[in-house]
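K.L.:
Below are the chains, spelled out letter by letter.
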Amino acid sequence: MAQSTLALGVEAVGCAAFDAGIKGAFGYPGTPSTEGFEYVEAMIHAEPEDRLAQWAANEKVAYDLALGVSYAGHRALVTMKHVGLNVAMDAYANSALTGVRGGLVLLVADDPGMHSSQNEQDSRRLAKFAWLPVLEPSTVQECYDFTWRAFELSETLQVPVMVRLVTRLAHCRALMIRREVLAPTGLGLAPKETIQDWVLIPSNARRRYLDLLAKQPRMVEALSSMNRLVAGSGRRGVAVAGMGRAYFQQLALEHPELNAMPRLEVAAYPMDPGLEPAFLAQVDEVFVFEEDYPVLEERLTFQRAGKIHGRLDGSLPRTGELTPRLLKNALGLVTTEGQAASSLDLPIRAPRFCDGCGHVDAYEALQEALRNLGLADARVFGDIGCYTLAAQEPMTAIHAVVEMGASISMAVGAAMAGQTPSVAVIGDSTFGHSGLPALLTAADSGVNVTILILDNRVVGMTGQQPSQALDQVERMVLGMGISEAQLQVLTPLPKQHEANVKALESALGHPGPSVVVFRRECIQSLRRGVLKDHDRELRACVEQVGCTPEVRP
Amino acid sequence: MSAPRIHGIVLSGVGGQGVLSLAQIVLEALRRSGLHALQSEIHGMSQRGGSVHAQVCFSDVPLTSPIIDEGCADLLIALEPLEALRYVAMLRMNGQLVVSEEPQADMEGYPPLDDVYAALKRVRGCHLVDTEALARRLNHRQAGGMALLGLASTFLPVSEGVWHEVISQRFEAKGARVLEKNLEAFQAGRGLVHDPVGV
Ligand code: SF4
Numbered sequence: 001m002a003q004s005t006l007a008l009g010v011e012a013v014g015c016a017a018f019d020a021g022i023k024g025a026f027g028y029p030g031t032p033s034t035e036g037f038e039y040v041e042a043m044i045h046a047e048p049e050d051r052l053a054q055w056a057a058n059e060k061v062a063y064d065l066a067l068g069v070s071y072a073g074h075r076a077l078v079t080m081k082h083v084g085l086n087v088a089m090d091a092y093a094n095s096a097l098t099g100v101r102g103g104l105v106l107l108v109a110d111d112p113g114m115h116s117s118q119n120e121q122d123s124r125r126l127a128k129f130a131w132l133p134v135l136e137p138s139t140v141q142e143c144y145d146f147t148w149r150a151f152e153l154s155e156t157l158q159v160p161v162m163v164r165l166v167t168r169l170a171h172c173r174a175l176m177i178r179r180e181v182l183a184p185t186g187l188g189l190a191p192k193e194t195i196q197d198w199v200l201i202p203s204n205a206r207r208r209y210l211d212l213l214a215k216q217p218r219m220v221e222a223l224s225s226m227n228r229l230v231a232g233s234g235r236r237g238v239a240v241a242g243m244g245r246a247y248f249q250q251l252a253l254e255h256p257e258l259n260a261m262p263r264l265e266v267a268a269y270p271m272d273p274g275l276e277p278a279f280l281a282q283v284d285e286v287f288v289f290e291e292d293y294p295v296l297e298e299r300l301t302f303q304r305a306g307k308i309h310g311r312l313d314g315s316l317p318r319t320g321e322l323t324p325r326l327l328k329n330a331l332g333l334v335t336t337e338g339q340a341a342s343s344l345d346l347p348i349r350a351p352r353f354c355d356g357c358g359h360v361d362a363y364e365a366l367q368e369a370l371r372n373l374g375l376a377d378a379r380v381f382g383d384i385g386c387y388t389l390a391a392q393e394p395m396t397a398i399h400a401v402v403e404m405g406a407s408i409s410m411a412v413g414a415a416m417a418g419q420t421p422s423v424a425v426i427g428d429s430t431f432g433h434s435g436l437p438a439l440l441t442a443a444d445s446g447v448n449v450t451i452l453i454l455d456n457r458v459v460g461m462t463g464q465q466p467s468q469a470l471d472q473v474e475r476m477v478l479g480m481g482i483s484e485a486q487l488q489v490l491t492p493l494p495k496q497h498e499a500n501v502k503a504l505e506s507a508l509g510h511p512g513p514s515v516v517v518f519r520r521e522c523i524q525s526l527r528r529g530v531l532k533d534h535d536r537e538l539r540a541c542v543e544q545v546g547c548t549p550e551v552r553p
Numbered sequence: 001m002s003a004p005r006i007h008g009i010v011l012s013g014v015g016g017q018g019v020l021s022l023a024q025i026v027l028e029a030l031r032r033s034g035l036h037a038l039q040s041e042i043h044g045m046s047q048r049g050g051s052v053h054a055q056v057c058f059s060d061v062p063l064t065s066p067i068i069d070e071g072c073a074d075l076l077i078a079l080e081p082l083e084a085l086r087y088v089a090m091l092r093m094n095g096q097l098v099v100s101e102e103p104q105a106d107m108e109g110y111p112p113l114d115d116v117y118a119a120l121k122r123v124r125g126c127h128l129v130d131t132e133a134l135a136r137r138l139n140h141r142q143a144g145g146m147a148l149l150g151l152a153s154t155f156l157p158v159s160e161g162v163w164h165e166v167i168s169q170r171f172e173a174k175g176a177r178v179l180e181k182n183l184e185a186f187q188a189g190r191g192l193v194h195d196p197v198g199v
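Protein chains in written order, with this note's numbering: chain A, 1 to 553; chain B, 1 to 199.
By construction, these hints were calculated from the structure, which means they are not laboratory data.
The C-beta atom is built at its ideal place from N, Cα and C for all residues, glycine as well.
Just so you know, not all the hints are guaranteed correct.
Which residues of chain A face chain B? A few of them, derived with a C-beta cut under 7 Å, are [stated by the list, open to error]: (1) Arg173; (2) Tyr247; (3) Gln249; (4) Gln250; (5) Leu253; (6) Phe302; (7) Thr319; (8) Thr323; (9) Thr336; (10) Glu337; (11) Ser342; (12) Leu344; (13) Leu346; (14) Pro347; (15) Pro351.
No farther apart than 25 Å at their CA atoms in a straight line, the calculated lysine to aspartate or glutamate pairs in the DMTMM-like style are these [unchecked claim]: (16) A:Lys532 to B:Asp115; (17) A:Lys532 to A:Asp122; (18) B:Lys121 to A:Glu337; (19) A:Lys328 to B:Glu70; (20) A:Lys128 to A:Glu403; (21) B:Lys121 to B:Asp106; (22) A:Lys495 to A:Asp533; (23) B:Lys121 to A:Glu265; (24) A:Lys328 to B:Asp60; (25) B:Lys181 to B:Glu132; (26) A:Lys128 to A:Asp345; (27) B:Lys174 to A:Asp313; (28) A:Lys215 to A:Asp122.
All chains, please: the whole structure from these sequences, using the hints.
P.N.:
And the structure:
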């Protein structure tokens with residue numbers, strides 16, 4: 001009998017990947033994609049024979065790991081959030097040319113409305129950019145079913161396939177009905193005669209690019225059953241995709257008259273170029289409901305100007321999440337009058353540092369050291385993690401946050417432009433993610449930058465996954481070319497405040513690059529005992545074989 | 001054919017109070033009662049004391065939208081009074097609000113408590129629960145959430161037996177004592193009188 005269980009949308013993708021027989025799952029944490037990896041990781045850890053789940057140092061590494069598994073002939077899943085795909089873009093776009101051997105599925109979770117992201121880019125655009133198929137589920141069950149389908153498509157078309165979710169679906173919990181689990185099977189290594197396909201030197205790449213373009217009609221054909229035109233009456237139609245499809249479908253339950261509208265339902269791209277003209281021929285006016293960028297809407301607008309209602313003509317807000325209310329308003333449906341909103345002024349309850357978090361102590365020491373040196377106005381380049389919270393009032397201890405790893409390179413750039421001393425603040429896992437090459441350049445540049453690495457030993461913000469840089473930070477710093485004299489390791493605790501301020505003053509005073517590591521475990525991970533086993537093993541290792549704490553057991 | 005009735009529940013509170021875990025209990029209980037149910041949650045930085053809220057929709061037909069429109073929720077369960085006020089406009093005219101009196105006021109600009117209570121008392125169907133007194137009486141510091149759920153459960157089409165099943169499953173792993181304490185809190189909430197604003 002088919003098993004059924006409640007799952008989040010992202011979890012359904014992870015579960016389907018397991019059931020479809022993946023050999024490996026890889027990813028880098030990022031809301032709202034994290035639980036997708038964690039779900040499949042837990043399944044794999046429960047039955048580890050033959051399978052592997054591994055967080056990677058960053059999304060590009062994760063993607064390449066998955067591509068390697070595919071090359072070896074097995075199915076692989078790789079998960080990330082939308083901005084993570086920017087990091088993995090080099091791998092993703094070029095794997096379109098190499099193609100795949102074992103099925104390769106990429107789960108990307110977009111975050112329209114920016115609930116916990118720095119932008120709301122739409123991954124459907126990146127799939128188009130790479131000339132690759134993308135499936136867009138609208139329910140938890142579709143997350144599961146589409147992921148199976150994505151593996152099959154990936155192997156049929158021999159390209160990676162993206163499954164694109166948005167926050168609302170990623171974090172929607174509903175019933176998921178599973179299929180029979182497939183054991184991981186292998187197709188065997190990419191055959192000898194295809195080796196040149198994987199070697200993207202220009203002569204091969206030109207050929208492979210033509211191959212990729214030649215695959216486009218096959219993609220359209222393979223996906224055609226996922227998009228459909230539903231005939232109706234009247235000359236007002238709707239084009240729906242993703243959550244727009246889900247919201248419209250439910251609205252039509254409450255307002256059965258909506259079922260009569262001609263509909264274009266889209267769940268996969270690239271879509272049949274004949275579909276839109278056929279749809280437009282049936283209607284004079286179109287409402288487009290899709291989540292995030294106006295992808296479908298733009299395509300329809302190119303086909304025929306006028307009476308295409310969506311984000312571009314102002315019928316829907318240009319940015320932010322779609323909601324059922326927005327659909328109702330656009331369609332001119334009567335909305336229910338509910339209770340009055342409270343007239344009381346409701347201040348925002350902003351997220352803040354946990355009580356006792358070491359980041360606070362580190363920032364307090366930094367701010368005091370800067371004041372003591374007469375640099376109270378110094379600009380500090382921040383990065384992405386819990387420590388980003390310091391950008392908020394009243395602390396305002398960091399003055400730029402752009403993307404993973406930007407802190408170090410921006411501080412070096414600013415120092416080169418004469419803004420010295422220049423300060424960067426980065427977390428341990430962000431440092432491992434993309435701070436390393438930046439530090440290599442910082443050390444090489446010799447400019448006056450002070451880099452604070454706030455080492456809480458885990459990826460705090462996304463739920464305390466173990467950091468890839470765990471116990472390795474000092475060696476990494478030295479390995480990038482920072483001298484031992486310019487590396488200090490401090491403990492961010494109130495009782496260490498004075499000493500920490502002094503140490504920072506000396507680092508800031510040094511005319512070249514210097515690094516200060518503030519190490520204290522995240523309170524939440526301590527509370528949950530995330531690193532308990534790790535630390536026990538580490539202690540045993542130190543006692544028995546005398547290996548230094550710097551070396552992993 | 002008349003349109004099916006779609007029901008909505010909003011749960012709100014502060015990160016760390018267990019809003020999402022309550023939502024999951026509600027979802028599972030509805031599902032076991034043969035209903036089609038969906039839950040939506042917004043978390044991300046929830047561990048760090050921000051506002052957290054979840055929604056549960058259910059019906060006897062399959063649903064696809066995890067979001068409830070304003071003015072369409074039948075029930076709002078709030079673990080914190082200010083976090084209740086944020087979502088009052090989600091309630092139907094004849095919706096019910098089950099809310100804890102206990103403020104989490106460690107934030108900038110928390111309004112005077114009397115104003116908060118006064119605003120809550122203007123909400124129709126408001127059940128203000130003194131969770132602090134209840135927790136003291138039951139000698140169980142975290143009884144509040146379960147007690148609110150107990151009271152809220154009386155508004156939902158789920159039998160007492162199903163609630164017990166789901167709660168048991170949820171707390172089983174934490175030992176018999178924890179489970180017993182939670183069931184006790186749930187029952188205490190269930191026993192509270194339906195007396196809007198008098199509880
Ligand atoms: S989760 Fe950890 S790192 Fe983040 S604020 Fe809390 S204690 Fe600090």
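K.L.:
Under the criterion of a CB-CB separation shorter than 7 Å, is Thr319 of chain A in contact with chain B as hinted?
P.N.:
Violated - the Cβ of Thr319 of chain A stays beyond 7 Å from chain B, reaching only about 17 Å at its closest.
K.L.:
Does the structure keep Lys128 of chain A and Glu403 of chain A at a Cα separation of 25 Å or less?
P.N.:
Given that 25 Å is the threshold and the Cα spacing comes to 23 Å, the pair holds.
K.L.:
Under 7 Å, Cβ to Cβ, is where Ser342 of chain A needs to be relative to chain B, so tell me if that hint holds or is violated.
P.N.:
Where the cut-off is 7 Å and the nearest Cβ of chain B is about 4 Å from Ser342 of chain A, the hint holds.
K.L.:
Given the hinted pair Lys532 of chain A and Asp115 of chain B, is their Cα-Cα distance within 25 Å?
P.N.:
violated, 46 Å
K.L.:
If you draw a straight line from the CA of Lys121 of chain B to the CA of Asp106 of chain B, is it 25 Å or shorter?
P.N.:
holds, 23 Å
K.L.:
With a cut-off of 7 Å on the beta carbons, see whether Tyr247 of chain A makes it to chain B.
P.N.:
holds, 5 Å
K.L.:
Would you check the hint for Lys181 of chain B and Glu132 of chain B, treating anything up to 25 Å between C-alpha atoms as holding?
P.N.:
holds, 15 Å
K.L.:
How about Pro351 of chain A: closest beta carbon in chain B under 7 Å, or not?
P.N.:
With a minimum Cβ separation of about 4 Å from chain B (threshold 7 Å), the hint on Pro351 of chain A holds.
K.L.:
Taken at face value, is the distance from the CA of Asp60 of chain B to the CA of Lys328 of chain A at most 25 Å?
P.N.:
Holds. Lys328 of chain A to Asp60 of chain B sits at ~23 Å (cutoff 25 Å).
K.L.:
Hey, does the Gln250 of chain A contact hint survive, CB to chain B under 7 Å?
P.N.:
holds, 4 Å
K.L.:
So if I understand the rule, the pair passes when the alpha-carbon distance is 25 Å or less; does Lys128 of chain A with Asp345 of chain A pass?
P.N.:
violated, 45 Å
K.L.:
Given the hinted pair Lys495 of chain A and Asp533 of chain A, is their Cα-Cα distance within 25 Å?
P.N.:
violated, 28 Å
Violated hints, listed in ascending order, are 6, 7, 16, 17, 22, 23, 26, 27; each of the other numbered hints is respected by the structure.
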